[in-house]
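Produce the complete structure using the sequences and hints provided.
When the count follows this note's numbering, it moves up by one through the sequence shown with no breaks and lands on 339 for the last residue.
Incorrect hints may have been included.
Said to hold, decoys possible - Simulated pairs of lysine-lysine, DSSO-like, Cα-Cα distance not exceeding 27 Å:
1. 149 x 228
2. 128 x 149
3. 42 x 128
Stated by the list, open to error - The calculated label-pair distances, taken between Cβ atoms and stated as ranges, are:
4. 172 x 332: 25 to 33 Å
5. 290 x 41: 21 to 29 Å
6. 164 x 277: 46 to 54 Å
It is worth saying that the hints were derived from the structure and are not from the lab. Note that beta-carbon positions come from the ideal geometry of N, C-alpha and C, so glycine has one too.
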Amino acid sequence: MKPIYFLLPILSLMVACAQTENDKPEKDPTSMEMEAPDWAIVIHGGAGTILPKNMTPEREASIRSAMSEALAAGEEVLSSGGSAADAVEVTIHILEDSPHFNAGKGAVFTHEGTNSLDASFMTGHDRQAGAVAGVTNIKNPISLARAVLDHSEHVMLSGKGAEDFALSRGMDTISADWFYTESRYQSLQRVIEREAAGNSSTGAILNAPDSKYGTVGCVALDRSGNLAAGTSTGGMTNKRYDRIGDSPVIGAGTFADNTSCGVSCTGHGEYFIRWAVAHDVHARMSYAGASLEEAANAVIHDVLAEVGGSGGLIALDRNGNIAMPFNTPGMYRGYKKAGEEEVISFYGDF
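What follows is the structure, given as structure tokens:
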């Protein structure tokens, strides 16, 4: 019979492996990845000088109600198996129709005392996009942006051309009176007065109580795992020369890709355009392996803050994770996931 000592190394290895396996610590249930929700939706109503001292209880309650209504509209679509794109569109309709936000009904005024609206839409499963800029007679610009996505070979249309396209699609136009709100008009007057007094620097304007980036946005994840994102805005108070910000610019104000995330931004658009903020979040996830939270925080708190860019964003990844960073005093934001209560906040409390 052959000696068995040649088996000793093998037996020792087996014992060592068994000991190593037994010595492994048990996984902490609280640190395990949560299962992705069936659907999720996140919204924003703008970032800027949103402070408790500037808010009455009645106004805060009214804004919360509008945001809750918007989330409920998106939830109804998603919980019934509808698409992320449909959820984004109906959700933003509610925000555009509210006078509390700088989009649609509550749009701010240009220097000439008119309302000029921008919007964009993107779907993550195919990276198709549509956008409109400088429209003046479309009640819900987000629907026109989606129409460009669905029914045009182009990505961005502007001004009268965009309005003509809307008519060709059978969309209703609306009188400029629809967009008028007294509070927005008075905000324009105050900005013009500060400008006339020589206090018109960017910092002075952005720190004024009237200044908040009321852009609205939504990102949704549906049961099929598809993402969609949309953004709508009235732009900047007192803007001139047909200025266009980041909201209708794909990759700056809006982005969606099923492989990474959907993003909608709000803030000082010139910075968001220069630093391609929405796409940068996607890029950090796709090329550097960053998590959604890591990518979003780095862009808002490091990249933008370093160069003086102010604002925030909402983002949602394919696993239902949500990020809502901002570097301004406040940002209207909220979300809802399948099986969870809605969350809405204005200030820096989460």
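Structure-based check of all given hints:
For the suggested pair residue 149 and residue 228, the alpha carbons sit about 18 Å apart, so the restraint of at most 27 Å is met. At roughly 15 Å between alpha-carbon atoms, residue 128 and residue 149 fall within 27 Å of each other, so this suggested pair holds. The suggested pairing of residue 42 with residue 128 is violated, with an alpha-carbon distance near 32 Å, which exceeds 27 Å. For residue 172 paired with residue 332, a C-beta distance near 27 Å keeps the hint of 25 to 33 Å intact.
Roughly 22 Å separates the CB atoms of residue 290 and residue 41, a value that falls within the hinted 21 to 29 Å. The hint said 46 to 54 Å for the Cβ distance between residue 164 and residue 277, and at roughly 49 Å that hint holds.
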